[in-house]
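Asker: Sequence:
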Amino acid sequence: MDISVKVGTAAAIVEALDGTLVDHFWPYGDGYAGHIADVAPTTSDMLVDQVRGLFGVDIVEVEGTLREDVTRIAVVGGIGDHVDEMAAAEKLGAQVYLTGELHVRIEGDYGRRKFAEVESFAAATRMTLVGVSHAASEHLVMETQLARWFAETFDITLRPIRETDWWR
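With full-length UniProt numbering as the guide, the letters of the sequence shown map in order to residues 1 to 168.
Be aware that a few hints might be false.
[Stated by the list, open to error] With a Cα cut of at most 20 angstroms, we get these calculated EDC-like pairs of lysine to aspartate or glutamate:
1. K6 - D38
2. K114 - E61
3. K114 - E101
4. K91 - D23
5. K91 - D69
6. K91 - E117
7. K114 - D84
8. K114 - E90
9. K6 - E163
10. K91 - E63
11. K114 - E63
12. K91 - D38
13. K91 - D109
14. K6 - E152
15. K6 - D23
16. K91 - E119
17. K91 - E68
18. K6 - D30
19. K6 - D155
20. K6 - E119
For the record, the hints were derived by calculation from the structure and aren't laboratory data.
Whenever a hint applies, use it, and build me the whole structure from the sequences.
Answerer: Put into structure tokens, the structure is as follows:
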């Protein structure tokens, strides 16, 4: 579901933010894990407040540059801690990079290296980097696009249950 536009993690986020899909990045399988979308003019702070409510999270990771002029966002469901893909999104004009997690939660050398890479990128980028919770970013598709698909395809009503604490 990471690559589908009809029933996909990133696509559901774009849809929920009333975005218009304009491009893709992050080749993944037979498609792309990352979507570039145009959104109604907003600010980084306003978008963070919007996604806090959309995903029902109290904690939102925010790094990089806070923007007053957000009209294009990059969206990756789940973990989006690949700085080469962040850079690709920025080259496509994204002012905000929205993902489930900015930092991988793995101990050891790998986790420390990935953390340092994101921190270094965040210090240099003009984008706002936003992480809303890995699980929450992937759950939205179940509440929206997947529920709609099951209703249309099988006449089944889904009632996905949200976590009470997305950051465990």
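Asker: Evaluate each hint against the coordinates.
Answerer: Now for the hints, and whether the structure bears them out:
{"no.": "1", "hint": "K6 - D38", "result": "holds (18 angstroms)"}
{"no.": "2", "hint": "K114 - E61", "result": "holds (15 angstroms)"}
{"no.": "3", "hint": "K114 - E101", "result": "holds (12 angstroms)"}
{"no.": "4", "hint": "K91 - D23", "result": "holds (11 angstroms)"}
{"no.": "5", "hint": "K91 - D69", "result": "holds (16 angstroms)"}
{"no.": "6", "hint": "K91 - E117", "result": "holds (18 angstroms)"}
{"no.": "7", "hint": "K114 - D84", "result": "holds (12 angstroms)"}
{"no.": "8", "hint": "K114 - E90", "result": "holds (19 angstroms)"}
{"no.": "9", "hint": "K6 - E163", "result": "violated (24 angstroms)"}
{"no.": "10", "hint": "K91 - E63", "result": "holds (18 angstroms)"}
{"no.": "11", "hint": "K114 - E63", "result": "holds (15 angstroms)"}
{"no.": "12", "hint": "K91 - D38", "result": "holds (14 angstroms)"}
{"no.": "13", "hint": "K91 - D109", "result": "violated (29 angstroms)"}
{"no.": "14", "hint": "K6 - E152", "result": "holds (12 angstroms)"}
{"no.": "15", "hint": "K6 - D23", "result": "holds (15 angstroms)"}
{"no.": "16", "hint": "K91 - E119", "result": "holds (19 angstroms)"}
{"no.": "17", "hint": "K91 - E68", "result": "holds (19 angstroms)"}
{"no.": "18", "hint": "K6 - D30", "result": "holds (14 angstroms)"}
{"no.": "19", "hint": "K6 - D155", "result": "holds (17 angstroms)"}
{"no.": "20", "hint": "K6 - E119", "result": "violated (33 angstroms)"}
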